[in-house]
Every structure is written in C-alpha cells, then in structure tokens.
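Novice: Model the full assembly from the supplied sequences, consistent with the hints where possible.
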Amino acid sequence: MPDVELKPVSTEHLLRECQREEVFITGSEAVREAIRRANVDIAVAYPITPQSESMHLVGDLYAEGYIRDYFRGENEFAVMSEIAGAAMAGVRVFTATCGPGTLRAFENFPMWSGTRLPIVISFMTRGINSPLTIQPDTIEMGMLLDTGMIMLHAENAQDLYDMILMSFSVAERTSVHIPVGVFVDGFFVTHTRQKVKIVSEDVKLLPYDPTHSPVPTMDMETPPFRYMRDPFVMKSNYISYAAHASWQQEVMAAAERARPHIEAHLGSFVEQENPDAPIQVVACGTAVSQGREAVRMAREEGLEVGLVKIKVLRPAPREEIRRALAKAERIVIPEFNRTGWLAREIASMIPNNDRIAAGPRVFGGMTMPPEVIVDVIKGDVLVGV
Amino acid sequence: MSLEITRMNPHFADVMPQEYTDLVENGPFGRDFGARDLGSFKELFEEHPMCAGCNLSLAFRIIVASLPNPADTIMVGSTGCNSIAFPQLALHNVHSLFGNQNAIASGLKRGLALRFPDKVKDVVVVAGDGATADIGLDMTLHSWFRGEKFATVMFDNEIYANTGGQESGMTECGEIRNMAPTGKKFNKISVANLAIEAGCAYVAVVTTASPLKISKCFEKAVLVAREIGPTYVQIYTPCPTNLKLKSSESVSLAKERSKGTYQFREHVSPEAEEFLAARAEKTEEQVRVTSKDEEMHSA
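Chains as they are written, first to last, in this note's numbering: chain W, 414 to 798; chain P, 15 to 313.
Hints are computed from structural coordinates only; laboratory data are not their basis.
Take these hints with a grain of salt, some might be off.
Facing chain P, a subset of chain W residues (Cβ under 7 Å, in silico) [as the list claims (entries may be wrong)]:
| hint | residue |
| --- | --- |
| 1 | N452 |
| 2 | D454 |
| 3 | G498 |
| 4 | M501 |
| 5 | A502 |
| 6 | G503 |
| 7 | V504 |
| 8 | M633 |
| 9 | D793 |
Calculated cross-link-like contacts (lysine-lysine; reagent style DSSO-like; alpha-carbon spacing at most 30 Å) [claimed, not checked]:
| hint | chain 1 | residue 1 | chain 2 | residue 2 |
| --- | --- | --- | --- | --- |
| 10 | P | K198 | P | K273 |
| 11 | P | K273 | W | K617 |
| 12 | P | K133 | W | K420 |
| 13 | P | K56 | W | K648 |
| 14 | P | K202 | P | K133 |
| 15 | P | K258 | W | K648 |
Looking from chain W toward chain P, a few residues come up when the C-beta cut is under 10 Å (computed) [unchecked claim]:
| hint | residue |
| --- | --- |
| 16 | I455 |
| 17 | V457 |
| 18 | F484 |
| 19 | V492 |
| 20 | I496 |
| 21 | E520 |
| 22 | N521 |
| 23 | P623 |
| 24 | P629 |
| 25 | M631 |
| 26 | E663 |
| 27 | E733 |
Glycine included, each C-beta is placed from N, C-alpha and C at the ideal position.
Specialist: In structure tokens, the structure reads:
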C-alpha cells in the first residue's frame, strides 16, 4: 500500500489547486505519475514498443497498491475487451497501446463508444506494418477519427500527464460517458526526459461512481434487467434501423456534449501564437514543437508566421480552426505520417482550402528538422492538399 | 441484487405489463426453482424468436432455469444465434463482439469482485462453437490459463448457423457444409480436452437429449467456477434449419449422437470433487434438518 493515505479530491482541485513540483522524467514516467493519482481500479497491459514501458510502470503502481487489479492480457484485441468488461462492471480502468496493437484491437473502439464505456486509454503512437517498424508515426490517429472516442493529442510529457488526469472526469460525466484516447508520439515523448510539473503524492481523484452511468452497469443491481425485448439487430424493419441510427447519433452527441468539460480543463481546443500572421503552421503532437522552432527561424528571417497547436481532434475543433485560420493566406501542416490525415481534416473545416500546403510529412521513424518546415513555409517545396 | 428492486410499486401495479407482474409474483428471483420446475414458474428467458425445433433455445431455457443464483448472475454472450436469444433474457447480459466473450467476462468478473467483495456475483459465458472454438479460441483458452472464475458454456451445433451453415472447427471431419464444399478436411476440435489441459476444474460434455443432465452439469459448473476456478460445459444443440431436419427431429438426432459420437463426459478436478462432495453433504444435512423441522411441526 502507498506510504501515505491518499486524499480523494476533485479533478479540478487536483489539477488547478494542488501544489506542483517540477521533476525531470520521461513521458512513460509521466504516465505513471498521472495514474498514481487517478484512482484506477483495473489496468490491463500488453507489450508493444514504445508503449510497454508505460504499462510496466503502471504495473509497478499495482505492486505498490495504487491500483486494485492488474494483469497482462493475451493480445490487444483481448485486452481492450477485458478492459471493456471491467468498465461494464462499473470500475475505473486504464490501458495503453500503439500502432499495430491499435489496429489489432480496432474492433473494440467503436464498441466501447457504442456501449458508452468511460474508458481512458493512451496511445504512444507508432508506425504500422509493412515493412516492420517500431518508430514514431501518427498514422493510427487518422484511422481512429471515426470510432466515436474523444481524442486528445499531447505535445509533450506535461500535456500527457495533465490530459490523462483530466480525461477520467470528461469520460465519466453522465452526459458524456464515452471513451477518451490520450495520444502521444512514441519515443519522441515517451522515451525522452522533460521537465514536468506534477502534483503532490498525497492526493488522488475521487472514485468513479457507476450509478451515474447513462446505461445500466452490468451488475444485477441496476434495473432494468430486461432492457431489450426485441433484438433490434438483424431485423429488417424501420424501427430497427431507427433504433440503431438514433443510438449512433446519441454517441456523436455525447462527444459534442464533452466540449465544455474539455475546455474547462484545457482552456481551448487550439492554441495560437501570432494569430495575425498571413502564414500559419498548424500541427498536433510533437510536430507542434518542431513547428514552433520553424516559426522562430522563419520570423528571424523576417517572415510573418504564426502557429496553431491542436490539442483536441475529437470532438472536431471546427469553429476554433475556422476562426484561427480566417485570415491566413498560407497554411502549412507538418505531420508525422504519410497519409496527411490532419491536412485532410483541416481542408474539410475551412473555406478556400487551396491555401493549404499539406506538408512536410515525415514517416518511417524519421525526425522532422524545423528547416524542412521552413522550406514549406517559404514555398520552396511544392506540396498540395 | 436486493429483491426489493423487483418489488412492485403498488401505485403502478394496475399499469404494469402482465409479464412484469408475473416475473415479480412468480419468477425465480429469490426462489428455489430449477429445470425440473419448468412450466410452473415465470421464466427469465422466453418469447424468443428462434426457429422451430431449435436446440440452442432449448439448452438456453434449461441453463437459465438452472442458475443457482439468478438474482446475482450476469451472462455474457457472443455473436451468433445466441445473440438473438439474449435480448429475451431478464438478466443483465452483454453482447459485445464476435469471439471476445471470455475476455469481456474476465474483466467483468474481476470488476464485480472489486465492487462486491462480500457478495457472490456469478458470471456465465454462453456462446456458440464458432465464437468459442474458432474466432475466440485464444480468449477462451487464456481465460482458463489465467484461472478466471466463471463458467463457459458452448452451444455446439457444429456449424455457423446464424450466417447460413458454414463449416466451423467443431464440424465433424468429412461433413459437407458451406465453405467446405468438398467436406471438412480436419477433425472436430476437442475443446473439452483443451479445457482439461488448460486447467478447468470442471468439464462436461452433454447433449439436449438429456435436459436434466444439462441442468445438473451446468449448476456444478457455475458453483465450481465461483469457488475454485474456470469450468466448461459443452452442449450439443443440433440446428434443424441448417441440417434441413423437421423441427421434431433435432432432439432425436441429439439422442442418436449421445449414444455414438457425442457421448456424455465429465471431468472433475480433485479440488472440485472435494468441494462438490462437501456441498452435497451440506445439502443432505439441510434436507434432514428441514424434514425434522417438518416432523416436529406436524407433531
């Protein structure tokens, strides 16, 4: 058991009012420090680089008594189902995966949303096969955009720490009650040391209260016990279609209802520097850090460039992006993947999307030197939408 | 659950559906009904839309009636014909994905154990042969390897019945089925042997030809899973629709198979044996005490 008795406090109190101490830790250790205070009941782990270290450290928390149950599952598909089963039983859960693991588990994610499970999961993003790679790449995020989950993207270990801790209170709201994915670029953040301000060790989040769930917890304590008299699947009639369609719309509406709760913690879905500049670099994750350096370099050369950091991908930051890019003449979108899913997202949100230079894109594990972004800012390299 | 939950609010009694009233007044919650009493009490599973002569629904009816503690039982199903049966069940039940039933049940049982440390919460998995032995085999086996404390029931119709009669791993070698147009090329998977090897404390293979045997084996499986470790019951439930049988012929087929290629088997681990023997003794003792009480009463 922990040496001190942890005082349960609200998320708002924990994140805003508790004394913080600056420590020099890796991204994986930031996950451990967040989960140490998250009052998680069950965590299930499965190894995959670069996620593994995070869930090792979560396992250590179990050994120390911070988590009530923990085990290694048999594969990611099973792990996501084990986590789902635990959430259906009405306990707070956490897990993490990445890249090929995400794809192996994929069928579970829309199921989590459709079942209204308030699962918090972290993705330490990685490239997918083939050829085999273990390197950082955000391609899986583009594939998860339509699974119904809320998606936050951390730029650094501090974001990761804060986003994990705030996610439980967003996911567990009665009006929301859908999963939250906290994404972070594998290796770049998980395996590097950064200064992170963490709250003291004597507090933890208030426990999850399953009686606030908008759907019955599967415990035979919460009526109704017979809640579906006629299976609305596999029936070919209008009522069946309507039931299924309205349920899906309700899941989408739940994500929309999460907006104020996310804003309460993050302040905004996007952050902008130099909003009046005619050139704007738009990015999420560690591409923001590279973009920030590129903006500094370009401004040194006398170019007027701004930066838009996207923190929330789902629910989509449509209005925020439209506002931030209203006056932009050229929009540069650096990404750590080959598909350019973020550029596609932005293109779908703004008018006159021929303003977009959809690059640079690096993948396969390559780093993104800020000079490459500067080249695109200057228009030296041709990239379209 | 507290039986208070199902108590009728007298102000609503006149507007509640008859089936709800029946469930409160004559249902199995808190009462000692079993498979022998079928027909005399309001069942938790009924009005199902399964095919005429469906042996899966017959087996489903029997096991639901045989639950030792229905008021605190959560059932987990999977995709297949059982997912059409489940919505007709008045117990909390889960359909999640095809094949992940034992993974769901692992998390569910552990979560309930944390939330209700002083209360028995039984978790029972019921899935078809495709879900258990093919698409979900890894999760079936790993839940057993880990010693997860819930019962797994396979409704084995030796076919993917719901998708139109395709070969499954449980189909007998040589049978011609959809996706096995020239006959199945390998033997029926012996999931019962795998269960024993994987450490199941109780394993039984039965058919719908013996309803009371199903009931007995299933009850043992739930009780042993609660106290000792994972258990497995495999029930042969022939599908008249896909086998092109008359609805009255499916139980006859089960009878025939039970004498040949689908014979009754039971494996009880020494620990489970000890537990079941102690329990039987306790029950006998209770019966003795009760009848003594009755004697004294009548005297």
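Novice: Could you run down the list of hints and mark each one as holding or not?
Specialist: Here is how each hint holds up against the structure:
1. At its closest, the beta carbon of N452/W sits 12 Å from a beta carbon of chain P; the interface hint therefore is violated under the 7 Å criterion.
2. Restraint check, D454/W versus chain P: the minimum CB separation of about 6 Å is within 7 Å; hint holds.
3. Look at G498/W: its Cβ gets to within about 3 Å of chain P, closer than 7 Å, so that hint holds up.
4. For M501/W, the interface hint holds, the least distance from its beta-carbon to any beta-carbon of chain P being 6 Å, beneath 7 Å.
5. A cut of 7 Å between beta carbons decides the hint on A502/W: the least distance to chain P is about 3 Å, and the hint holds.
6. For the restraint placing G503/W at the interface with chain P, the shortest Cβ-Cβ distance is roughly 6 Å, inside the 7 Å limit, so the hint holds.
7. About 4 Å separates the beta-carbon of V504/W from the nearest beta-carbon of chain P, less than 7 Å, and the hint is met.
8. A least Cβ separation of about 5 Å between M633/W and chain P falls short of the 7 Å threshold, and the interface hint therefore holds.
9. About 49 Å separates the beta-carbon of D793/W from the nearest beta-carbon of chain P, more than 7 Å, and the hint is not met.
10. For a cut-off of 30 Å, the pair hint linking K198/P to K273/P stands: about 23 Å separates their Cα positions.
11. Between K273/P and K617/W the alpha-carbon distance is near 61 Å, which puts this suggested pair outside the 30 Å criterion.
12. Note on K133/P and K420/W: the hinted pairing holds, with a Cα-Cα distance of about 27 Å set against a maximum of 30 Å.
13. For the proposed pair K56/P and K648/W, the alpha carbon gap of about 27 Å is at most 30 Å, so the pair holds.
14. A threshold of 30 Å between alpha carbons decides the hint, and for K202/P with K133/P the separation of about 39 Å lies outside it, so the pair is violated.
15. Pair hint K258/P plus K648/W holds up; C-alpha atoms about 23 Å apart against a cutoff of 30 Å.
16. A distance limit of 10 Å between C-beta atoms decides the matter here; for I455/W the minimum to chain P is near 6 Å, and the interface restraint holds.
17. Satisfaction of the interface hint for V457/W is found here, the shortest Cβ-Cβ separation to chain P being roughly 7 Å, below the 10 Å cut-off.
18. For F484/W, the interface hint holds, the least distance from its beta-carbon to any beta-carbon of chain P being 7 Å, beneath 10 Å.
19. About 8 Å separates the beta-carbon of V492/W from the nearest beta-carbon of chain P, less than 10 Å, and the hint is met.
20. With its C-beta approaching chain P no nearer than about 6 Å, I496/W sits inside the 10 Å limit, and its interface hint holds.
21. Hint on E520/W holds. Least Cβ distance to chain P is approximately 6 Å, under the 10 Å limit.
22. Hint status for N521/W: holds, given a least beta-carbon distance of 7 Å to chain P, under 10 Å.
23. Of the supplied interface hints, the one on P623/W holds, with its beta-carbon coming within about 8 Å of a beta-carbon of chain P, less than 10 Å.
24. For P629/W, the interface hint holds, the least distance from its beta-carbon to any beta-carbon of chain P being 7 Å, beneath 10 Å.
25. Against a cut-off of 10 Å between C-beta atoms, the interface hint on M631/W holds, since the closest Cβ of chain P lies about 5 Å away.
26. This hint is violated: E663/W has a C-beta 18 Å from the nearest C-beta of chain P, more than the 10 Å allowed.
27. At about 35 Å, the closest approach between the beta carbon of E733/W and any beta carbon in chain P exceeds 10 Å, and the interface hint on this residue is violated.
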